Amino acid sequence: MAETERDDGAAGFLRCFGAQLRLLREGEGLTRAELGSRLGYGEDQIASVELGRRIPKPEMIDRADEVLGAGGLLVAMKAEVARARYPSFFQHAAKLESEAVELHVYDTLAVNGLLQTEEYARAVFRQWRPFLDEEVVDQRCASRMARQEIFNRRPVPNLSFVIEEAVLHKRIGGDQIWRGQLEQVLLIGQRRNVEIQVMPLGRGEHAGLAGPFTLMETGDGRRVAYTEVQSDGRLHTERGRVRELEATYGAIRGQAPAPQESMALIEKLLGET
Numbered sequence: 001m002a003e004t005e006r007d008d009g010a011a012g013f014l015r016c017f018g019a020q021l022r023l024l025r026e027g028e029g030l031t032r033a034e035l036g037s038r039l040g041y042g043e044d045q046i047a048s049v050e051l052g053r054r055i056p057k058p059e060m061i062d063r064a065d066e067v068l069g070a071g072g073l074l075v076a077m078k079a080e081v082a083r084a085r086y087p088s089f090f091q092h093a094a095k096l097e098s099e100a101v102e103l104h105v106y107d108t109l110a111v112n113g114l115l116q117t118e119e120y121a122r123a124v125f126r127q128w129r130p131f132l133d134e135e136v137v138d139q140r141c142a143s144r145m146a147r148q149e150i151f152n153r154r155p156v157p158n159l160s161f162v163i164e165e166a167v168l169h170k171r172i173g174g175d176q177i178w179r180g181q182l183e184q185v186l187l188i189g190q191r192r193n194v195e196i197q198v199m200p201l202g203r204g205e206h207a208g209l210a211g212p213f214t215l216m217e218t219g220d221g222r223r224v225a226y227t228e229v230q231s232d233g234r235l236h237t238e239r240g241r242v243r244e245l246e247a248t249y250g251a252i253r254g255q256a257p258a259p260q261e262s263m264a265l266i267e268k269l270l271g272e273t
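At position 205 of the sequence shown the residue is numbered 205 (our numbering), and the sequence of numbers has no breaks.
Heads up, some of the hints might be wrong.
[As the list claims (entries may be wrong)] Result set (DSS-like, lysine-lysine): computed pairs, CA atoms no more than 25 Å apart in a straight line:
hint, residue 1, residue 2
1, 95, 78
2, 268, 170
3, 78, 57
4, 57, 95
[As the list claims (entries may be wrong)] Derived Cβ-Cβ restraints for the label pairs, each shown as a range:
hint, residue 1, residue 2, range
5, 210, 268, 51 to 57 Å
6, 210, 258, 19 to 25 Å
7, 247, 130, 46 to 52 Å
8, 219, 179, 23 to 29 Å
9, 102, 75, 27 to 33 Å
10, 40, 127, 15 to 21 Å
11, 127, 258, 28 to 34 Å
12, 78, 126, 42 to 48 Å
13, 210, 89, 15 to 21 Å
14, 153, 75, 20 to 26 Å
Everything labelled a hint here was simulated from the structure, so no lab data went into it. All values derive from a computational prediction rather than experimental measurement. In this text, a Cβ means the ideal position worked out from N, Cα and C, and glycines have one as well.
Build out the structure end to end from the sequences listed, making use of the hints.
If you want it as structure tokens, here you go:
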């Protein structure tokens, strides 16, 4: 990934991790090709990790730690490596999201990342400007899919989404990917801990006209809000601001049709194509 795609801290950490990997490899008298063979990766992939250009997968870190006899040194850095998978403006929000016991989302531009299929996510990332390298697109898609583990956590968090109907009409990635994305929303909407509502086009003015946002509550009782526009992500922790957005979200949910009606709207949209 290009340096411009990460903040200096994340880029520097990945170079540090890569240097540690190289020192451990050389200490064992292994070439990059030999280490790659033992880990199930190519020589070029090992080189990219050692140079801080590629973000290693968690399973690769675990295996490298074992093969190189690192005694947990590499494993201890796994959490920070995982954070580096995200753009700098989203890293802190991603950590809070992974700890959330409640998460509530209002979306106006695209289907939320937590609901996206991999194909839809890839189509979205390929439209970013400046253009992302294919390797970066792959990493971003993998990290986005990893975020969706929130649906499988125990205890399950309470999740709700309000989506502007206009978002569901955008055939991002083409008809096939678009249909798969709508089916994905319907599938996730069937989960007992998830409620999805659609704000219909005919609603006119409503409380969400100021734009999208996310509300989160963590297990230790922290309540925060996250807003993002043009790769500028902001966490709001001041109680007054968070309370305002909580009130706004409550009004938005009250103005949108109930989840059952919203699912029927999506089914109708699918049936018309």
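Quick rundown of the hints versus the structure:
no.	hint	verdict
1	95 - 78	13 Å, holds
2	268 - 170	15 Å, holds
3	78 - 57	9 Å, holds
4	57 - 95	17 Å, holds
5	210 - 268: 51 to 57 Å	29 Å, violated
6	210 - 258: 19 to 25 Å	23 Å, holds
7	247 - 130: 46 to 52 Å	37 Å, violated
8	219 - 179: 23 to 29 Å	37 Å, violated
9	102 - 75: 27 to 33 Å	31 Å, holds
10	40 - 127: 15 to 21 Å	33 Å, violated
11	127 - 258: 28 to 34 Å	33 Å, holds
12	78 - 126: 42 to 48 Å	28 Å, violated
13	210 - 89: 15 to 21 Å	20 Å, holds
14	153 - 75: 20 to 26 Å	21 Å, holds
Against the hints set out earlier in the document, violations occur for numbers 5, 7, 8, 10, 12.
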